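Chemist: One letter stands for each residue in the lines below.
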Amino acid sequence: MTEAFRQYFELCGSLLYWLFVAPFRGRGWRIGHTFAQIVRIGVHAVPMSALTALTIGVVLAMQSAAQLAKLGATAFVPGLVSSSLIRELAPLVTAVIVIGRSGSSVTAELGTMKVSEEIEALEVMAIPPMSWLIVPRFLAMVIMLPLLTVFSIYVGLAGGWLIGHYSLHMSTAFFVTHALQHVALSDIGIGLLKSGVFGVLIVTIACSIGLNVSGGAEGVGLATTRSVVVSLLSVFIANALLTALFFF
Amino acid sequence: MSDTTPDLTTREPIIEVDSLVRHFGSQKVLNGVSFKVYEGDTFVIMGGSGCGKSTLLRHLIGTEKPTSGSIKIFGQEITTMNEDAMRKLRGRYGMLFQSGALLQSLTVAENVALPLNEHTQLDTGLIDTVVKMKLEQVGLTGHGHKKPSEISGGMKKRAALARALALDPPLVFSDEPTAGLDPIMTAVVDELTQRLTQKIGATVVVVTHDMNSVFRIGTRIIMLGTGPNQGRIIASGTPAEIRAHPHPAVQQFINGDPQGDGSDDSGEVLYRETLLGLNETGMYSRSAIQSSKP
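As you go down the protein sequences, you meet chains A and B in turn.
Residue numbering for the first sequence follows the numbering used here, beginning at 1 and increasing consecutively.
Residue numbering for the second sequence follows the numbering used here, beginning at 1001 and increasing consecutively.
Keep in mind the hints are simulated off the structure, nothing from the lab.
Predicted model only: the values in this text are computed from it and were never measured.
The reader is advised that the hints may include incorrect statements.
As the list claims (entries may be wrong) - Pair ranges (Cβ atoms, derived):
1. R25(A) - T1129(B): 26 to 34 Å
2. G216(A) - I1184(B): 38 to 46 Å
3. G13(A) - E1077(B): 22 to 30 Å
4. G13(A) - I1184(B): 43 to 51 Å
5. R25(A) - E1150(B): 33 to 41 Å
6. L185(A) - Q1104(B): 40 to 48 Å
7. G1125(B) - L147(A): 35 to 43 Å
8. L147(A) - S1068(B): 48 to 56 Å
Said to hold, decoys possible - Derived lysine to any residue pairs resembling SDA-like cross-links, with alpha carbons at most 25 Å apart:
9. K1065(B) - T243(A)
10. K114(A) - Q1104(B)
11. K1065(B) - A4(A)
12. K1199(B) - P1228(B)
13. K114(A) - G1153(B)
14. K1132(B) - M1155(B)
15. K114(A) - E1064(B)
Unchecked claim - Residues from chain A that keep clear of chain B, each with C-beta distances beyond 10 Å, as calculated:
16. L54
17. A173
18. I188
Where is the CB? At the ideal position from N, CA and C, for every residue including glycine.
Okay, chain B solo, but in the shape it has when bound (with noise of 0.2 Å):
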């Protein structure tokens, strides 16, 4: 959307994360991320599958704890803070998950209401009156009543956003927002983020893979790298800078090439290596057709 660069310093920043590395088992999945969050951004997170973002962002929303480094948001440690004060600090900040995470078994409006119930003193009057137009800000008036089980993809995602922003939070976190959706859907869960967030002045932090999303909403993002930069980040700057970046899995990236340094083909390789006994010109290889004779 906004392809110029921010002016980073006169802004505070809202996230510092320093050197993070969180290792499962061996396998480390960050290794030395480093990236600052500055206030009214909406900071994108991209990469392929497994490359670590959705862990980063657990990380970020201080449900997982990494193996070192740093995560400061609003000025405040989080990795070494307690259970208290990381209760107090996520009152600050709304969250919209991947799959919505709506309550099963509350309604969309008991959904969006929880926030509202549990963390303020508001009568329930004022309650309903909030959640009825944060419903309609997401076009959902008239289906308050009904369960997420009764409501579709695109709905759920909404629903979701509203329950997301029922305390205006300075600080809003979202997980692959559209994934699953139709280019339709896509555009309309981008914009109502983009005009809800901005409306009250909200820093998003978003982490996606679709493309369309990231050039659409972000105005500054970061690319995490699979395979040899597993966990690395390969790429950071504004819209224009990623779409200019020399970096070959950047433009592999953006372009969708199946081909090329980004792409995980080492199961292709096997494949054709040891069970079609092809080598990389395609011609079969002479142990595979000596292995075929009787």
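Only chain A is shown next, with the shape it has when bound in the complex (with noise of 0.2 Å):
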């Protein structure tokens, strides 16, 4: 426990060595790989996003809508959805299914290539692991996951809309207007501000567990299921901790 505490840190250390005080020292970050990662870790978790989101606005309408109904106040099921999109269950959803689609990916391929000996041999070729394979997949991570957030915060809107206009018969402009009036710029901001710090602590969690693989094949399957679990107690427990922060 202790030895993955260090190993943690020592990574978050390295990592902000490589990302604010190497690029003055000539050794730039790697924008090809960036980009790749990117693709792999963002663009690919679009369609299943979108699909959570969406299923998630439709729900989170229902749900109020059968509640709201009792006291004639469904006019509010507009901002409630939004409003629970926008500064929870967007950032959360979203960061889950990061977690179990690509933080889980990061750590089995960073621990494959340990356990292969392909770290080394980057070491050995004076390529820096830092540079080649955790800087580009922590800036990808920190990119697009409060983008994806902001992806379903649109789709889960869209969700919510469905059930608005064609089960409670509210025109376009109404939902619209109503989902607008119940959250504030800061909401939105706090709720990217949220996914970014998930987004830090998913990649950083994944890449440690996966750089710190021993064991083989067996290692590799443990230390994914263990940064799968980590991660996904890190970004409740930090959820809550914002959540508290900000608006309570």
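Join the two chains, each given in its own frame, into one complex according to the hints.
Modeler: This is how it looks when you write it as structure tokens:
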């Protein structure tokens, strides 16, 4: 446990150097690698994020409509959907999806590279693994998770609109106006800040566990499971802390 | 290959290892290892499984730090070297890993081009030409576009050799280059390593337990011991000197005898005595017979 924390903070320290100091010493970010990771971590996660966000938007609208109808207050459905999505659900659910499909894949890939001596080969070829492997993944995650979150908010709202328009007979203008009335610009900012923090947590945990794999194929499997579990717990705890800090 | 004693007096040592010690917990994996590798040598580090030969190699390439002792490569002390200096030094040597360690995400040609892209200012066209030349030298013409997962074990080793030699380094390390290969491919990889490194005048350090390879390519050999001699050099010399070495563990290793000083048979003794109840002569012991009675 202590060793895992030491490895994690060692990676974070090294990452800070390669992100902010190394570029000024002639060792810039590898843009090509970063774009490749943006596609793998972010773009390929779009269909899954979209489907999940759509179902959540639909379910939120249906559940809230069922309760609010008893009070004759279905007009509040758009606001409830938008504020829930923007403040909580879109950042959290997108992070969970990205942990499942991208965080696990980062750990498994780095772990396999470690056990097949590829990382050692990079070191021996004087190609720093931090610059070649970790910085591109970090940048891709920190850029793409907030973007995926924004995308999820839009798709989730579209899901809410489907129920509002076709089941509750709201006009599109009514739905959009009420959805926007209940959120402030700061809510969107805090939602995106949350997803940025989640992105940092997910990618640093996935990389730290992946780089420290030992024990062959079994080690890679165990590390991937540990990466998903630790990332999920960290994201849930961080979400609770950030919500308490900004909204409570 | 060469059984004559190389003239060590006129050549420069490329690697100087002095009193190298490495502990893993309470276990001494390397215990006061000292040797010199001279320019132009094919220096073989041999020994049984768990003798510390791969650990020694990892110290030489700078991916492990010793508990104590000194390692000088090209006259520079690497045990206390900082990362930047180490990175510069690494540009002067190539490494052939046991598994090949080709990057799976890149094609064979991209793997060979990697050191050239990273450490030279050559333009893409010239790099492509060098890569084609290197692949041709190792007999992989036409396989450059394939991913490492699409080629055989022997081809992976040859591709890794092409990558290790991409920058024509003056020093090449090789970890079990023929492990897992059939005898013919073993000879091919040995012959290629020898021919290509001689062509560029490189000094080679090879870790292996394959006796055919040892005597085929080695010009100087050291053997690390196991058991009570764990982590110590028990024999050192030219191939002829090693063949005639009086140490029983060396002779056992060369002849491949299962019984002797060099074999760790503690597990077998435990199995024989405790589980089967047999004594050293193969007879059932009295205690085993008594304990088996109802």
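Chemist: All hints are to be evaluated individually against the structure, with a verdict given for each.
Modeler: Status of each hint after checking the structure:
1. At roughly 32 Å, the beta carbons of R25(A) and T1129(B) sit within the given window of 26 to 34 Å.
2. At about 29 Å, the CB distance of G216(A) to I1184(B) disagrees with the hint of 38 to 46 Å.
3. At about 26 Å, the beta-carbon gap between G13(A) and E1077(B) stays in the expected band of 22 to 30 Å.
4. Distance hint for G13(A) and I1184(B): a CB-CB separation of about 49 Å, consistent with the stated range 43 to 51 Å.
5. Evaluation of the 33 to 41 Å hint for R25(A) and E1150(B) yields a pass: the beta carbon distance comes to about 38 Å.
6. The hinted range of 40 to 48 Å is satisfied by L185(A) and Q1104(B), whose Cβ atoms lie roughly 45 Å apart.
7. For the pair G1125(B) and L147(A), the supplied restraint of 35 to 43 Å holds, since their beta-carbon distance comes to about 37 Å.
8. Checked against the hint of 48 to 56 Å, the pair L147(A) and S1068(B) passes, with Cβ atoms roughly 52 Å apart.
9. Under the criterion of a C-alpha separation no larger than 25 Å, the hint pairing K1065(B) with T243(A) is inconsistent with the structure, at around 46 Å.
10. A C-alpha spacing of about 12 Å is found between K114(A) and Q1104(B), which places the hinted pair at or below 25 Å, so the restraint holds.
11. For a cut-off of 25 Å, the pair hint linking K1065(B) to A4(A) stands: about 21 Å separates their Cα positions.
12. Restraint check for K1199(B) and P1228(B): not satisfied, since their Cα atoms lie roughly 41 Å apart, outside the 25 Å limit.
13. Taking the CA atoms of K114(A) and G1153(B), the gap is near 19 Å; set against the 25 Å cutoff, the hint holds.
14. At most 25 Å may separate the alpha-carbon atoms for a hinted pair to count; K1132(B) and M1155(B) meet this at roughly 15 Å.
15. With a C-alpha separation of about 15 Å, the suggested pair K114(A) and E1064(B) falls inside the 25 Å cut-off, and the hint holds.
16. At the 10 Å boundary, the C-beta of L54(A) stays outside the reach of chain B, the nearest C-beta of that chain being 33 Å off.
17. With a least beta-carbon separation of about 49 Å from chain B, A173(A) lies farther than 10 Å from that chain, consistent with its non-interface assignment.
18. Every CB of chain B lies more than 10 Å from the CB of I188(A), the least distance being 36 Å, so the non-interface label holds.
Consistency note: the structure conflicts with the earlier hints numbered 2, 9 and 12.
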